[in-house]
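Here is how the chains run, residue by residue.
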Amino acid sequence: MSIRAVATGAYREALPAVAASAAGGLVAGLLLGGMRGELRAVPGLLVLVPALLATRGNVYSSLGARLGSGLHQGLIEPHLPLDERVRAAIAAAIANGLLASTFAATAAWVVLGLIDYPVAPLSRLVSIAVLAGLLSGVVLVGAVLGVTFLAFRRGLDPDTLVGPVVTTTGDLFGLAFLVLAARIVLLGGG
Amino acid sequence: MRSMLPVLFALTLVELGSGLVLGTFQRTLLTYPSLLVLVPVTIGSAGNLGSILAARLSTAFHLGVLSFSPTDERLAGNALAILGLAVTIFPAVGAGAWWLASLTVGARLAAATVIVIAATAGVALALVAVVVALTATYAAYRLGLDPDDVVVPVVTNVCDVLGVVTLFVVVAVVV
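Those sequence lines, one after another, are chains Z and P.
Numbered per the working numbering, the first sequence spans residues 26 to 215.
Numbered per the working numbering, the second sequence spans residues 849 to 1023.
To be clear, the hints were calculated from the coordinates, so they are not data collected in a lab.
Note that beta-carbon positions come from the ideal geometry of N, C-alpha and C, so glycine has one too.
Heads up, some of the hints might be wrong.
Stated by the list, open to error - Which bits of chain Z does chain P cover? Going by a derived footprint, with three or more residues having C-beta under 8 angstroms, they are:
{"id": "1", "segment": "78-88"}
{"id": "2", "segment": "132-139"}
{"id": "3", "segment": "148-154"}
{"id": "4", "segment": "160-171"}
Said to hold, decoys possible - Computed far set for chain P versus chain Z, every beta-carbon distance over 10 angstroms:
{"id": "5", "residue": "S950"}
{"id": "6", "residue": "A959"}
{"id": "7", "residue": "A987"}
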């Protein structure tokens, strides 16, 4: 294959996913603009936003890359019921997501305290981060499985699709569930 | 997946840096709502481009068909595709952000300004994404790590942080 053939192939395969992801990202931007109330009520939440959104992307695009390599190597089958390798990878991804969310909230609280920046109580930040992590984790596992399995069955390369799909679903549901989690925790007086 | 946890924690700290940059930048973002709408999409698209390249290189690596040479067709062709995607996507993203902001919260910058900001930041970020993805895949290969665990997260996060910083610099210059 020539450089031009590789470039054209990769461009054509990636463009629809990247464009759809950009459209989703614009909607995420509107959500970010709409959560100013929660950001004011929970000082430190804005500083936490990139870390929480990135955690979703990291954990679940690694899950997707792992499933993609497994499918390419013929180690896993792209259908239900899920085989044991896939179930173990899902459980590990959710556990990693919750641990990283807890760590992010704690680290943000410590850093903001050190630089004397107004910050909400630790219990409130951690509750919001964990609740949002759990809710978005369930949605993202579904998205990753759907995309990798369907793409592979149709002869497309899951590697090209899974990154953009996870980042976009992660940003949209990440922000939406972050607002929801903040409201629930604030209502519960946490 | 356990090998991933230390990487995840390190990346979280990197992203907190990005959050702090966002914090200092907050006043400008609130003054110009079309720039606020632009934040997640600029960062996300840069991360996407980097992670597409990284995932493709990782799979080629697992299949044993990748060589780390500038004349390798897969390497050069995929890198070229990423730059082409950035040139296609980012001007449209700028127009979209301006339009959405003008429909909802109100746009205070000219459409052309927002498009120039998005396009400049986007192409700069695509160059960064290519360099970061190549470096991370090569480093994983040299260190004997599984690129699936390490490369995609590292590339996405570095692109996220540099995305915030790049947007910050471009806005500071243009606005």
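Does the claim that A959(P) lies outside the interface with chain Z hold up, using a Cβ gap greater than 10 angstroms?
14 angstroms, holds
Would you say the segment 160-171 of chain Z counts as covered by chain P, given the rule of at least 3 residues with C-beta under 8 angstroms?
With 0 residues closer than 8 angstroms to chain P, the segment 160-171 of chain Z misses the three-residue bar; violated.
8 angstroms C-beta criterion, at least three residues: is the segment 148-154 of chain Z covered by chain P:
Answer violated; 0 residues pass the 8 angstroms Cβ test.
Does the claim that A987(P) lies outside the interface with chain Z hold up, using a Cβ gap greater than 10 angstroms?
16 angstroms, holds
Over 10 angstroms to the closest beta carbon of chain Z is the bar; see if S950(P) clears it.
Fine: 12 angstroms to the nearest Cβ keeps S950(P) off the interface.
How does the coverage statement for the segment 78-88 of chain Z fare against chain P, requiring three or more residues with Cβ below 8 angstroms from a Cβ of that chain?
holds (count 8)
Is the listed coverage of the segment 132-139 of chain Z by chain P valid when you require three or more residues with a beta carbon under 8 angstroms from a beta carbon of that chain?
Answer holds; 3 residues pass the 8 angstroms Cβ test.
In this structure, the earlier hints numbered 3 and 4 are contradicted, and the remaining ones agree with it.
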